[in-house]
Amino acid sequence: MNKAPRVLDIDNIARIGLMYLDGDLVENVMLDKLSLDYDDVTYNHEQFYELKSALTKTERINPDLDITAVLWQLRPDNDQLAVPIICGNAFPEEGWEITLVNPEMDRVFKTGESCVKKRSDTCSSHYYAVRNSDNAIVAVLELLVGRGYRKDI
Amino acid sequence: MEVYLIKDHFRIDGLTGEVIEKEFSGDCVKHGKSIVLESARNEYVSFQVVFDTKGQKISKVNIDYSDLRGVGTISRNEYETYIEWFHKVNGKYIPDALIPYGKTNLEFKVPLDEEYLRNQRVGALWVDLFIPEETQPGYYGGKIKVDVDGTTHEFEITVKVHDVALCNESRIYADLNAYADSISAVFPRVAENPDRYNDGSYFELERQFHRMAYEHRCIFHYLPYRHSGIVVDSYAPEIEGEGLDIRVRSWERFDRHFGPLLDGTAFEGTRRGPAPIKFLYLPFNFCWPADFTKWGKKGYRTEFRRIMKEFTRHFEEKGWTETYMELFFNHKKRYRFFPFDGDETRFQEDGVIFEIFHDYVKDIFDETDAKFIMRTDSSWSYGLHYRQKYADICRLWVVNSLIFSWFPESVRPMKEKGNIVFIYGGSGGLPASLLELFVWPMKAVVYGIDGFTLWNSTGFGKADYLETPFALGSEIYWYPGVRFGLNGPIPSIRLKALRNFMQTGDLMKMAEGTGKLDKIIDVINEHFHADENFWWREKPAFINDPPHTWTNAGLSDAAAGYREPVESPAKTEKIKIETLKIMDGGEGK
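First to last, the sequence lines map onto chains W and A.
Read in the working numbering, the first sequence has 136 at position 136, and its numbers run on one by one without any break.
Read in the working numbering, the second sequence has 653 at position 500, and its numbers run on one by one without any break.
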């Protein structure tokens, strides 16, 4: 049986995942968005469970792809800085700390159009806008594929 | 050329010949002809042979020991010799890695390596001498002949063997913490084997770390899962199904991995004899075996409990009932995988996870003969939690050393509840005085607690550990032996020193319940010039504020006001000898 092109698989997976990622929950899951102290991360627990569960289930839709799903937000005080607010099964390539927003992710935050960042011949990050009930973009969903290992500490 | 002996608590700079512990160099006695050591029975004593070449080269050294004779004989076979390897740290050549002499591809010469240690002026050998338990107390004398390129240097060694025999089972737990799998990467032959977690090669390697720790009166404490919750291959049994159908599919590989540690056979042939390992982490965490997508639902509880029950049943069937199996959550919310801290609880609302999991496992832990316990690593919230329900939930407490020092009143209630208490902290690495390692068992004695955790022990990083170790060696207590043809770890001077200091600590703890312990603590306090605010520290002003409002700067400020135990490393020997006298029944100092 012919398989659909991988990129289509990922986009379809993202569509399913985004159906379960409630933008209103994403928007406020991190309670202290302005803290710069990494020990000060605080979450709304209930919202976190729901979102983490959606990320994990998204990762499992096609186990062959070994996807890592991550939710990103921009710092309210500096939109050039991005923060991974919830990680699925592993860290994104950038790790867990505040990082400079890359051009592809930036484009998704600004336009709402999905975008792909190619990281190597086999590894790429697929970015999708997460919107709240006002249709405002409140986060970006990253589906990282092809890394070949799970990044952790 | 000068050849001399020094004891185990100083080190010599391979570049200059100066004492590394410079501030106390006047206390470092260079023994040109003879050396006197004091020992309990059933313990190691150590010294070093130093070769100050004054710029000459040494191409061949032969060392020959005689038996030691006294009331009886201590065989020359009780000597073990190691070549000290020098690391370039802060402009010095600091010795640390120890390569078994005559057992590897490294020959002792100066310089040890023409390229890397081109400017090496001083070489050194570390010598362990084990005093068997059956040795009669008294004085023993022997000779050491050191032949350096045809010239013989002779030394007399005298060992005063005391009446007291050191216990085989440590009374203090010296815990070398580490994270699996942080050893494969520094053993290329193992790392390149994709089947290492199945074919036994990794188990054999890991077991060598456990054995080395055990021989040095430590415990290799190896966390089996990552922050994300993924369990490292082979650290958990294979499971299948979910919800009510979840079960262990196979214990086969888990048993091959851990069976020898749990039944003690992994430690056969060691000086201390085979015994089950004292502590092991369980693989259970927020993501294993229960599916975190079910968090808060009955299925999560079902999955967690069913597999935990299978664990306790399996351990009972196997007779693995001597090891404390720890349910510990290392997860930190800063890493974005979970919304609460399982480790080092800072926000009080996060404490709920202990209650949740205790509710899952309480009856299972109560019913089993195996020692399954909950563990917490505590810092910010220790002053609150030891007084709350958590003291009845968690049996093992690993507490930040600084913060623990604010709560002397916590010891009695914790001990009354039967809880096991460790303190934890880091190390200054190779540049730090060896006295630093002596202080840990001394604190266990003075505080009346069970042990200490050194973080971290296998932090090899990507640096060349034989040149300048990662973090200046502050996360390493042993080294891979691969460069010398060994597919296993080699010890370090700091590990040897820690063992020797642990022996002293264990001797002290043997006095628990007798009036001797008070005398011993008096000795410690006298040598450290300790007043009542030395070991136990004055509480900082912010102590009554909620821990999540404390700042790292505030903690640093508080610590800056305390006098640190900075004394001559020679104190380690003085305190040991006075302890031996007290344990023998004499007065001591």
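Among the hints, erroneous ones may be present.
[As the list claims (entries may be wrong)] On the chain A side, residues computed to face chain W include the following (Cβ under 8 angstroms):
1) R487
2) Y488
3) F493
4) F518
Since the hints were made in silico from the structure, they are not lab data.
All residues carry an ideal CB built from backbone N, CA and C; glycine is no exception.
Structure-based check of each hint:
1. R487: Constraint on R487(A) satisfied, holds at 5 angstroms.
2. Y488: 5 angstroms, holds
3. F493: 7 angstroms, holds
4. F518: 26 angstroms, violated
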